[in-house]
Amino acid sequence: MSAPRTLLLSLSVVASAALLAGCTAATEPAGDPVAGGTLVYATGDAEPGCLDPHVGGNYPQALISTQYLESLVSKNSDGEIIPWLATDWTESPDGLTWDFTLRDDVNFTDGTPFDAEAVKANIEHLKDPETASSTGYLAVGKIEGIDAVAADQVRFTLSAPDSALLESFSQPWVSIQSPTALEREQAVNCENPVGTGPFVVTDWVKQQSITLERNEDYNSAPDDAGRTGPALLDSIEWRFIPDAATRYAALQSGDVDVIDNAQPNNISSAADVATIEELDAPRPGAANRIELNSGKAPFDDIRVREAFIRSVDVNPGVESLFFGTAERSYSVLSSVEPAGISTPDVFTTDPEAAKTLLDEAGWNTIDSDGYRTKDGERLSLTFPISTNQSIPAEQSLFEQIQASAKDVGFEVTLQPTDLSSWYGALFTNEYNVVSAPYTKVGADVLRILYHSDSIIPAPSGYYANLAQLSDPALDAILTTASETSDASERQELYAEAQRIIVDGFYVLPLYDQQNHYLYSTSVEGFRALPPVAAPTFYDAWLTN
Amino acid sequence: MTVSTDTPAPASVSTPATRLRSLGWIARRVGGGVFVLWAVATVIFFALRLIPGDPVDAILGGPGSQASAEAVAQIRADYGLDQPLIVQYFLAMGKLAVADFGTSYALKVAVAPYVLTQLWSTLVLTLASLVAAWLGALALTLATSGRGRVARALGSGLELLAAAVPHFWLASLLIILLSNTLHWLPPISVPGPLGLVLPVLTLALPLTGFLGQVMRESLANAYEQPFVLSARARGESEWGVRLRHVLRHAALPGISLSGWAFGSLLSGAVVVETIFARPGLGRTLLNAVTIRDIPVVTAVALLSALTFIIVTIATDVVDRIVDPRVTEVAAR
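Chains as they are written, first to last, in the numbering used here: chain A, 1 to 544; chain B, 1001 to 1332.
No lab work stands behind these hints: they were computed from the structure.
Note that this is a predicted model, so its numbers are computed, not measured.
There could be a bad hint or two in this list.
Straight-line C-alpha distance at most 25 angstroms; calculated SDA-like pairs for lysine to any residue [said to hold, decoys possible]:
#, chain 1, residue 1, chain 2, residue 2
1, A, 206, B, 1239
2, A, 206, B, 1110
3, A, 206, B, 1302
4, A, 374, A, 388
Bound-form chain A, shown alone (with noise of 0.2 angstroms):
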């Protein structure tokens, strides 16, 4: 349905571009920060059932919440820890106590003082069953208890050593709320949560727009922000546009400021356009990437996966799919992470090496339909895709590596469906080959993702080792790498995991998790906050 659309749509965007360049002026250099003025930000991400993000826990709730919400502490674009409700903090020796000083002149927008005893209850409300919480609960899983020690001093005791402590609670997922508002209900709750940040939520329409406002109050801008006191813009009206064409007209149409999620063929249109820009913001945590599954066959044989990797070729297929907005990626982390490596020569395209490696492992007859198989079974992967998270340029690019594939002998079928479904078929291991997106700040994401106690279903069924990869010697690196403070010592365990992940052919990257955001040139000092790249508009302004 949307190919015809989006083929039209870019030609006319084509076309408008081209008008476009005819006229262009060299861009005026910004002047001074000029305050007033609403914002209307365009996410073509789902709704949030909730806005308070300690409810389950997703992107969606991640890029409004930064808006209303503040964290213990930030990371800045170099991927340092920076204070920010926090401002010192202490490890244990031993690692199993930390000790955090807070600010002491900071109030929620309710008027609540923030303090320990607010820290501690917003730890407990992410631990309490009847949050069913996801993202945060595993941030704090480690926590076992929460004291506080005086107004402005809080101590947290672990269960074990948890070097990634301060990258999780980074996270919006782990934001600290009013502790007054978290004992309303939790639908009221989730209509109106109530932070520290420079905007206040004051009305939700469902389907269509969130209202926020400036918190005229606010004094607790992160260190990497570049200005102290309330925020410029009076508000912004948050609206929930689902198609991408759509969502691009309004953006060039001037009825829109920003928007999120942009799609390749307009991010390509716009760089020609001299009134919109891009902001390019990869998430941190995992790339996106092709899992291979391990668990069963014929993928349980290194072989196999070693040819099935030799014998795609990503690289045509990111360029022309994606118009050069998507660089390709050699490492299982994301470009943000400090402690990614990346590994061209792994990922190298040998289709003739491919089928030496299958002749090898005894796929060596080829049936009538170009297919190889062994004991008259067919060399037949089943590649699950789900239409919600993968744009339509990734299933192409998903397209291109089962025609590739097929040169060598493999049967990928794949099967678009939708987000349930696709989870469905995930918890019922129907599956040899899977892109799932994970974001989680800091190289910890590793341990999630591959640790073999991954792979052990939680109540829901997902399980986060999709590759299902078992090797006790990357569990104890994992293990260690998590429990060890020394940040050089860290990097090198973590880089020792990579290598056995990226050589034992589990994964094959392919680039990284898109964030890319298109904006007016009328706004300026819009910057996406480093912890998960989502949009922060305590520093923006409005030129007009």
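Chain A is fixed; fit chain B onto it per the hints.
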């Protein structure tokens, strides 16, 4: 159409006997409607559970992470998902019988008031589209029928084209033309009548073509009728003949089809509401099916079915008023 004369309405319309028959007719229709609602609810209930996956994911905000065992167990108990399927079915039906639609898994709000707000938005869209389609079809057919071959060919060609255009394509075309090129209208739905123009055009144009085709045929039939000749003989003007005599005949199949047309508008709303970012039942349904928000899917399906049933009954009633012969045939 086997009508051969311009029969006047029978005088017997309001006798007690026919009134009783009419009541019985309405009662049968209402009973049928209730059965349809029960069938819809049952099909939805089992269909949503046949899809692989777990509704708990929808409740937990889904994807990407693992919830604690306690959280999942808590939710199963809270939502009655730990009960056997057949028990869940009877519990669900019992609640539906007293119009208790429960709480949305994803939105964490009471379903009934939420869906009713969305219904209002969709009704405004579909009813405006129905009216626009009718006006368009009447204007097109009256202007081009009974004229020369060229006018007729042009008219029916336009209708064929309009009827064949898919909504998503038309929507894109309208956005490019009226919004991006001419800058007349916003590409997204904004509050107020201006934001309604593009969505209504998108839904109404294909329907205009369809209604126009049907009405053109019965118009052509009506022109052959003796009463047209007699009206012309009385010196009635060409437009007088069209508006006062031919139109009533031409409108009949259109009215009968309006119930069906309304249903097609409801399904078209899924596409239109998504493209123009307009709140409504269609978008609600799409979101809810994707994440398996069972209470919302059930409520939307039932409400759509109910609306469709009401409109179909209303269409039949209007049909009887415009053409009392229908009553005679149906009541026998």
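How the hints compare with the structure:
1. Annotation: proposed proximity of residue 206 of chain A to residue 1239 of chain B is violated, straight-line Cα distance about 48 angstroms (limit 25 angstroms).
2. Note on residue 206 of chain A and residue 1110 of chain B: the hinted pairing holds, with a Cα-Cα distance of about 13 angstroms set against a maximum of 25 angstroms.
3. A threshold of 25 angstroms between alpha carbons decides the hint, and for residue 206 of chain A with residue 1302 of chain B the separation of about 20 angstroms falls inside it, so the pair holds.
4. Annotation: proposed proximity of residue 374 of chain A to residue 388 of chain A is violated, straight-line Cα distance about 35 angstroms (limit 25 angstroms).
In this structure, the earlier hints numbered 1 and 4 are contradicted, and the remaining ones agree with it.
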